[in-house]
Amino acid sequence: MRYTLSELAETTGACLHGSGDTVIEKVADITSGEQGSIVFVLNKKYTKHLKTTDASAVIITEEMLQACDKPALVADNPRVVFSKIALLLNPLPTVEPWISPHAVIAEDADVDPSARIEACVVIQSGASIGPGAWLSPGCVIEKNAAIGANTRLFANVTIGDNCTLGDNNILHSGVVIGADGFGFVWDQDSYVKVPQLGTVRIGNDVEIGANTSIDRGAIGDTIVEDGVKIDNQIQLGHNDHVGEHTTISGQSGLAGSVKIGKRCILGGGVAVSDNIEITDNVILAGRSNVANSIKEPGMYASVIPVVEAGKWRRILARIKQLDELAKRIKALELKDK
Amino acid sequence: MRYTLSELAETTGACLHGSGDTVIEKVADITSGEQGSIVFVLNKKYTKHLKTTDASAVIITEEMLQACDKPALVADNPRVVFSKIALLLNPLPTVEPWISPHAVIAEDADVDPSARIEACVVIQSGASIGPGAWLSPGCVIEKNAAIGANTRLFANVTIGDNCTLGDNNILHSGVVIGADGFGFVWDQDSYVKVPQLGTVRIGNDVEIGANTSIDRGAIGDTIVEDGVKIDNQIQLGHNDHVGEHTTISGQSGLAGSVKIGKRCILGGGVAVSDNIEITDNVILAGRSNVANSIKEPGMYASVIPVVEAGKWRRILARIKQLDELAKRIKALELKDK
Amino acid sequence: MRYTLSELAETTGACLHGSGDTVIEKVADITSGEQGSIVFVLNKKYTKHLKTTDASAVIITEEMLQACDKPALVADNPRVVFSKIALLLNPLPTVEPWISPHAVIAEDADVDPSARIEACVVIQSGASIGPGAWLSPGCVIEKNAAIGANTRLFANVTIGDNCTLGDNNILHSGVVIGADGFGFVWDQDSYVKVPQLGTVRIGNDVEIGANTSIDRGAIGDTIVEDGVKIDNQIQLGHNDHVGEHTTISGQSGLAGSVKIGKRCILGGGVAVSDNIEITDNVILAGRSNVANSIKEPGMYASVIPVVEAGKWRRILARIKQLDELAKRIKALELKDK
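Protein chains in written order, with our numbering: chain A, 1 to 337; chain E, 1 to 337; chain F, 1 to 337.
Don't read these hints as lab results, they were simulated from the structure.
You may find that some hints are simply not true.
Identical chains share a label here; the pair holds if one copy fits it or two copies do between them.
Claimed, not checked - Below 30 Å or equal to it, Euclidean Cα-Cα: the simulated DSS-like pairs (lysine-lysine) are:
#, residue 1, residue 2
1, K259, K143
2, K70, K193
3, K311, K259
4, K51, K320
5, K259, K26
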């Protein structure tokens, strides 16, 4: 696959500077660009690389233009242009309709003839697989679950009974949708299981990372809205509700009945307690702990980054004395009056 | 499935108030109850919903009774009654004995005729599957492993060789029992693997959530006692021992040789260091870090919840100065004498 | 399998004290040693057990020798000797070459005749499996992936297309290698996926724990060098690079483009932010948060261990006042002048 720079400018809407005939065959990293490649520079900090890269063209913002003597595409957000070009040059593989003779499909499952079902996939009774959907080896689709059009399940994904996935989703390997939520009540001398009667409903254009698990609702459903992007190793509890275009980075965990608004950004390793509500447009720094609902958009944090271990030991000793230290300040102030 | 309210009172031991002929067909959430449903109210905070719900009956505590003009079941713990009714109205599916022609079972494996073994399950030599056990597609039972009576393995669960599961367990998809513990010793210029010679032994009435992993012991076994409930994405290290009726919430991690007592409650994201011992009846708040053994029952915590990011930046700067701040307090006190 | 103590001394290079004819059949824990077993004592703290163990021989350091009246092997590092003996007495199972009739292997995949491929393994087009490799049931090897010699994949492991594993690796169940990295750019009203064009390249002698996921690079590859040991439930992001002989304990997570040096030790639950570089020989205590690059070898920490919950509540209140407390100290100091 190869394009001229002017073709790329036209397709992406970026402004062309320099020779439009420059031929681009691949994308590269700014530090490793070579002949035939296009790279992007995110901000002025990396401007110096413009001098040294062997890439044939660059994607930059307008303010970098004067430091650049290469053919260039200029845009407000070079990463967006870069991503579009990367996709043009590396189109997702076309789905070739196929049902592996080694797939095991219930007679009353409804598999669209344009779907691709690979070896050792198991599709149970009443399940439906939409047009253009692609299920890699080892996926299990339980009873009455529904997979939307053009949705891609990588290997060894499990979709629990009655759960539904919309269109154009990507689920990476090891994802588990629709395990029981964690619900038990203590009764005299042991726990009684609270039946988990809901399902999981996932919208369109959702991506879910490797080994993430999303539990079914206890009563009512767990809901992931359109455009949500969820990374690896994440847990969503029963009856969570994630608003559209929210992103959640690796190893974050939501307890049960959490409601997260639209366009939120959760960093990695964020923990949200039961029954919390977070409004739209909230940014949570990595390793945030959310124990109370958040009603105002904005950025929140609670993480302590590492210091040298000896220094940390001294700080930690003081943290434990903190209440006493505060009282000693108070005492000094009173004396001082 | 439908019951009268008086039948439900009798079965659950709750006190009936109002018409015992009220017909109940399903459970619902207090905010979504409709004709034919029963809902519960956990505490007085939600009493207002008693006026607005369309549910046919409610489960409440005695103190809410005067605010209620609907048919009601009264009990000390409405959730327990609710769970029992939910289970009555939504009984777990009966296990229909079956061996899928697409399962792969070693000749010398011992599968009880009342078990259900689905497609693409692999059962290796010497393994045994108890009466009424149910293995969903993609499960792998390695050599000499044993699955107890009425134990349910959801799809894609792996049980390592020689590991044993008791009766009435539920293991959700993606669970891995019996991977090697993390044991290496540095020898001159690289690590030598410490052979992991033990197994995992899991008692009865245990539930284990999606994508959780429990490692085999190094010498001796990793043990999970009866009635333990373990959530998703949890790691238990080699030679851990979890006492009966303890619950562990999502994404908690226990390092090696950790011993946790009976009836403990670990919140989500708790981390316990190597060789720690935690006594019975300990409650650990979410995101607790346990670096020393806990000898007294009670509740422990160490989590810092989020604040607005700018405020957190100022606090963090002060945390780093904490040792110096303490010294300045000391200096002021000395001057002050 | 049984050896005399003098045979074991010779094989491991330890010094023999006492009867070399002592027969050793198994390894045991110091607290459970019995006739025919050998145990090790790590340090003087456990010397007392030397009197009570029923083990036939012990492995100790020289300084413990005078407290010991049993046949003994003496070495600087008893654990290394112990691990070698444990491996001698419990050799890893030999790989018996076999291709299960229930494996599904593409015609143009290249499987070495000495490999073992079990039931429900799927090997796609162009993939290669090296000599002595062993793939347990349910593993999926996608297109053009390569598995090195004597590498062991436990059940239900997924290797993404074009990813490569070196020799003598061990991957535990549920591992996912080569899922897409988490890359999206916001464009007007939704996220655009950044194509993840790289692969994962894993060296030799690497071990990876259950349910860990290692994402493919966005541009260029994610790299794990020789001798790295990775525990369970870990996430490595796109373009991470882990230097040789580094160990990473359970539930740690590296965001994208993280570079970790050689011989580092990451405790459990460590979180490293995007684009961080950590030099060689760094030790990170459990639950460390790394938000800035680390240029000096040494130990770092930021974890707060639990205290009793009421006490923590008071400390937490003070943490939130910390900036104000510091200002009050400042005010006192000024008054004091």
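Results for each hint:
{"no.": "1", "hint": "K259 - K143", "verdict": "within (28 Å within a copy, 39 Å between copies)"}
{"no.": "2", "hint": "K70 - K193", "verdict": "between (66 Å within a copy, 27 Å between copies)"}
{"no.": "3", "hint": "K311 - K259", "verdict": "between (39 Å within a copy, 24 Å between copies)"}
{"no.": "4", "hint": "K51 - K320", "verdict": "neither (53 Å within a copy, 40 Å between copies)"}
{"no.": "5", "hint": "K259 - K26", "verdict": "between (41 Å within a copy, 25 Å between copies)"}
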